[in-house]
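**Q** Sequence:
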Amino acid sequence: MIIRKKFKFEGAHIVRDCSSDRCKKSLHGHSYVVEVFLSSNKLDFGHMIYDFGLTKGTIKDIIDSFDHAYAMWDKESDEFKTFIRNNSERYIEMPVSPSAECFALTLLFLIDKTLQATEFKNGEGKVSVSSVRVHETDTGYAEAFRKDLDWFTFELADVTFSQAVKDEWKDAEMYDKLLMYHKGELDAKPFVNPQVERIF
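Sequential numbering from 1 applies to the sequence shown in the working numbering.
Any given hint could be a false lead.
Computed beta-carbon distance windows for the label pairs [claimed, not checked]:
#, residue 1, residue 2, range
1, Val-33, Asp-187, 34 to 40 Å
2, His-28, Lys-126, 21 to 27 Å
3, Asp-176, Asn-122, 39 to 45 Å
4, Leu-149, Arg-4, 16 to 22 Å
5, Phe-83, Met-180, 29 to 35 Å
6, Phe-83, Glu-35, 31 to 37 Å
7, Lys-42, Phe-83, 46 to 52 Å
8, Phe-154, Glu-35, 20 to 26 Å
9, Pro-194, Arg-4, 38 to 44 Å
Derived DSS-like pairs: lysine-lysine, alpha-carbon spacing no greater than 25 Å straight-line [stated by the list, open to error]:
#, residue 1, residue 2
10, Lys-6, Lys-75
11, Lys-121, Lys-189
12, Lys-113, Lys-25
13, Lys-42, Lys-183
14, Lys-113, Lys-8
15, Lys-166, Lys-189
16, Lys-183, Lys-8
17, Lys-170, Lys-113
18, Lys-5, Lys-183
19, Lys-75, Lys-25
Read the hints as simulated data drawn from the structure, not as lab findings. Since we're looking at a predicted model, the values are computed, not measured. All C-beta atoms, glycine included, are put in the ideal place defined by N, C-alpha and C.
With the hints as constraints, model all of the structure from the sequences given.
**A** Dropping the structure here:
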């Protein structure tokens with residue numbers, strides 16, 4: 001079984017080396033819609049795959065990081081990167097082009113790592129992200145599946161967020177905890193879902 005949760009953000013980018021001159025030569029933005037698809041091998045005690053409310057924590061903060069932010073390929077020139085860092089408080093540096101396809105891949109990667117670092121408290125099964133769909137326009141979207149993660153090899157440390165982005169997270173140390181957990185530097189999972197007081 002699969003459930004879907006939808007998010008939105010307003011973001012800017014340049015997609016270098018694409019076919020469209022407007023996209024590859026000029027900074028521009030889109031009203032993005034992100035659909036996250038989660039699956040499991042069983043239902044939890046509330047007969048859910050994963051409570052939609054739980055996606056409003058770390059997962060929402062990760063996606064919201066891209067809102068009113070500039071997404072930048074880390075292959076840009078030092079001059080351009082310095083310009084963005086000096087003139088935009090909110091930015092993300094990515095190891096891949098900020099195309100719709102790579103937004104989907106990057107978000108799938110980040111959400112997958114987040115779920116792996118989350119302690120479930122309500123009898124959930126093996127909850128995982130099966131795909132992420134990113135709508136760049138009303139008529140076009142890209143959807144990344146788990147098998148597509150093999151297309152690129154990158155680490156959590158390869159995605160960096162500006163301080164202004166981090167300052168708006170519910171937990172300013174969220175990404176540091178995620179990095180430490182996946183490096184094996186934490187004994188316990190850093191994200192813990194609330195304990196549910198069961199009636200039945």
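**Q** If I claimed the Cβ atoms of Val-33 and Asp-187 lie 34 to 40 Å apart, would that claim hold in this structure?
**A** Since Val-33 and Asp-187 have Cβ atoms about 38 Å apart, the given range 34 to 40 Å holds.
**Q** Going straight from one Cα to the other, do Lys-113 and Lys-8 come out at no more than 25 Å?
**A** holds, 21 Å
**Q** Between Lys-113 and Lys-25, is the straight-line Cα distance small enough, at 25 Å or below?
**A** Status violated; Cα separation ~33 Å.
**Q** Would you mind confirming whether the straight-line C-alpha gap from Lys-5 to Lys-183 stays at or under 25 Å?
**A** Status violated; Cα separation ~29 Å.
**Q** Taking the beta carbons of Asp-176 and Asn-122, is their distance inside 39 to 45 Å?
**A** violated, 27 Å
**Q** Has the hinted range 38 to 44 Å been met by the Cβ atoms of Pro-194 and Arg-4?
**A** violated, 22 Å
**Q** Are the Cα positions of Lys-42 and Lys-183 separated by 25 Å at most?
**A** violated, 29 Å
**Q** Just tell me: holds or violated, for the beta carbon distance of Phe-83 and Glu-35 against 31 to 37 Å?
**A** Once the Cβ atoms are compared, 33 Å apart, the range 31 to 37 Å for Glu-35 and Phe-83 holds.
**Q** Can you confirm whether the C-alpha distance between Lys-170 and Lys-113 stays at or below 25 Å?
**A** holds, 18 Å
**Q** Within 16 to 22 Å: is that where the Cβ-Cβ distance between Leu-149 and Arg-4 falls?
**A** holds, 19 Å
**Q** 46 to 52 Å was suggested as the range; check whether the CB atoms of Lys-42 and Phe-83 agree with it.
**A** Roughly 50 Å apart at Cβ, these two residues keep to the hinted range, so it holds.
**Q** Lys-183 and Lys-8 were given as a pair; does the straight-line alpha-carbon distance stay at or below 25 Å?
**A** violated, 30 Å
Checked against the numbered hints above, the structure breaks hints 2, 3, 9, 10, 12, 13, 16 and 18 and satisfies the rest.
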